[in-house]
Amino acid sequence: MPALTEPAPRPAAGREPWWRLLRDARVLVMLALGFAAGLPLLLIFSSLSLWLGEAGVERRAVTFFSWAALAYSFKFVWAPLVDRLPLPGLTARLGRRRGWLLLAQLGVIGAILGMAATDPAAGPAALVRMAAFAVLLGFASATQDVVIDAYRIELAPPERQGLLSAAYVAGYRLGMVVTGAGVLFLAAAWGSAKGAYAYEAWAAAYAAAAAAMLLGVLTTLLAPEPSVTVADGSAPAGGHARLLAVFLLAVAAFVAVFWGVGAGYARLGWGELSALPALLLEALRLGAALAAAFGVGALLVRAGLASRAAARETWVEPVRAFFVRHGVRDAVLLLALIGTYRIADIVLGVISNVFYQDLGFAKPDIAAAVKTFGVIVSIAGGFVGGVLATRLGVLRALGWGALLAALTNLGFVALALAGPVRWGLYAVVAADNLAAGFASAAFVAFLSSLTQVRFTAVQYAIFSSLMTLLPKALGGYAGALVDALGYPGFFVLTTLLGLPVLALVARVRRRWGTAVG
1 MPALTEPAPR PAAGREPWWR LLRDARVLVM LALGFAAGLP LLLIFSSLSL WLGEAGVERR
61 AVTFFSWAAL AYSFKFVWAP LVDRLPLPGL TARLGRRRGW LLLAQLGVIG AILGMAATDP
121 AAGPAALVRM AAFAVLLGFA SATQDVVIDA YRIELAPPER QGLLSAAYVA GYRLGMVVTG
181 AGVLFLAAAW GSAKGAYAYE AWAAAYAAAA AAMLLGVLTT LLAPEPSVTV ADGSAPAGGH
241 ARLLAVFLLA VAAFVAVFWG VGAGYARLGW GELSALPALL LEALRLGAAL AAAFGVGALL
301 VRAGLASRAA ARETWVEPVR AFFVRHGVRD AVLLLALIGT YRIADIVLGV ISNVFYQDLG
361 FAKPDIAAAV KTFGVIVSIA GGFVGGVLAT RLGVLRALGW GALLAALTNL GFVALALAGP
421 VRWGLYAVVA ADNLAAGFAS AAFVAFLSSL TQVRFTAVQY AIFSSLMTLL PKALGGYAGA
481 LVDALGYPGF FVLTTLLGLP VLALVARVRR RWGTAVG
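With this note's numbering, letter number 96 in the sequence shown gets 96, and the count goes up by one each step, no holes.
Among the clues, some could well be false.
[Claimed, not checked] Pairs of lysine to aspartate or glutamate residues, derived as EDC-like cross-links and limited to a Cα-Cα distance of at most 20 Å, are as follows: (1) Lys194 / Asp358; (2) Lys194 / Asp365; (3) Lys194 / Glu58; (4) Lys194 / Asp119.
To be clear, the hints were calculated from the coordinates, so they are not data collected in a lab.
Use the sequences and the hints to build the structure in full.
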């Protein structure tokens with residue numbers, strides 16, 4: 001059985017001084033594209049929750065909106081299509097990478113403007129429109145991530161990848177600050193507050209975020225297209241277009257079943273059930289929609305709408321190679337660890353902003369503490385995690401990261417009991433973000449050690465998608481759990497959710513010994 005291995009060290013960047021390296025135009029390109037990639041996330045994950053909360057949307061419905069970010073968890077499904085499928089007109093003018101990138105960025109801008117044009121307090125129909133635009137934003141943003149990952153790898157040789165990755169991460173964090181702290185500051189400055197909701201303030205703040213995305217569009221238009229030629233695989237002409245059709249029809253099946261089951265619940269009068277029964281029904285609803293999507297996709301391939309060989313090469317072969325390499329038992333163990341490692345902090349993160357608001361903190365306080373100070377601390381945590389992963393080994397750092405991510409959730413229990421104490425807010429945010437940054441850095445190193453050269457892009461997309469799938473799905477029920485357990489009980493539950501991860505890390509360490517740490 002192949003042992004896990006450390007990621008290959010990057011070649012040295014030569015003897016050039018650091019300041020000359022930073023003058024590389026590709027660094028500025030990745031800084032700007034990182035900004036464009038980081039900008040949409042909080043618009044559907046935390047800033048939106050505050051907007052909905054001020055608009056009077058009930059907490060249970062607010063946290064269900066986190067499912068709009070599930071596109072990040074399913075991006076591996078369409079990543080191979082984005083990698084290979086040319087776009088009529090755009091590919092000929094801009095190239096394959098920049099053509100897809102421009103399309104994704106225009107989708108991001110359109111979705112943000114659609115959200116800005118929708119007042120969630122206007123009634124159920126408006127809330128449905130807001131959900132639709134949030135889903136579109138998640139899909140377009142996840143597609144942008146897929147293209148930028150490929151663009152970065154193809155833009156420069158291996159000895160420059162570390163520098164480009166650092167620029168990308170820095171830009172990503174800046175984008176998060178703009179749509180986290182920036183949007184909250186603007187909404188507050190323009191007159192919206194808890195108990196004094198002003199739709200126009202939030203609409204203008206989101207429109208400003210859409211305008212900020214123009215930096216990414218301008219960068220896409222001016223940046224060079226990578227010179228790497230992307231292979232089209234073994235699919236016949238039109239084969240990947242047929243696969244795209246299969247994917248779109250599967251998505252349509254998911255939407256139809258998800259909303260159809262929801263309408264059935266309403267007709268049966270199940271929409272007013274208490275929190276825990278409603279949670280179970282929503283879990284069944286999501287599972288039925290996913291089963292319908294996969295079932296429709298499989299039936300369409302069997303019916304000949306798309307080539308079985310192309311479908312196998314696109315979606316099956318990267319997974320099969322992973323199981324062949326590690327064996328079924330060890331592969332399942334690794335996938336279980338990947339799928340649950342971030343569960344403690346992601347499930348809590350879905351409702352953290354609503355918690356701060358319910359506790360009595362104003363938007364400027366949340367923006368300063370969480371969206372600015374917290375981002376800085378998370379960068380520091382990532383640096384510490386990366387250094388310790390190198391010094392201690394990846395799996396040992398992974399264990400410490402899992403422990404810290406779970407235990408720091410108990411700080412939220414103390415804050416819930418203490419009330420709106422500003423120093424307590426900063427202490428909790430510091431501990432939570434330091435642990436999250438540490439765990440993320442160790443986890444990225446772990447995922448890098450699992451990928452195979454032949455399938456690096458697709459396997460990494462699969463791993464990173466699986467990493468967030470279960471936590472984000474559970475996060476959709478965070479509001480219902482808070483209604484049932486209260487905030488202190490919910491935070492204790494998130495801590496307990498993180499403890500089995502420690503057992504999985506220990507199991508992996510025993511299985512592979514010191515191969516990874």
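Evaluated hints:
1. Lys194 / Asp358: 9 Å, holds
2. Lys194 / Asp365: 13 Å, holds
3. Lys194 / Glu58: 13 Å, holds
4. Lys194 / Asp119: Measuring from Cα to Cα gives roughly 16 Å; hence the hint holds.
Every hint, counting from the list given before, is met by this structure.
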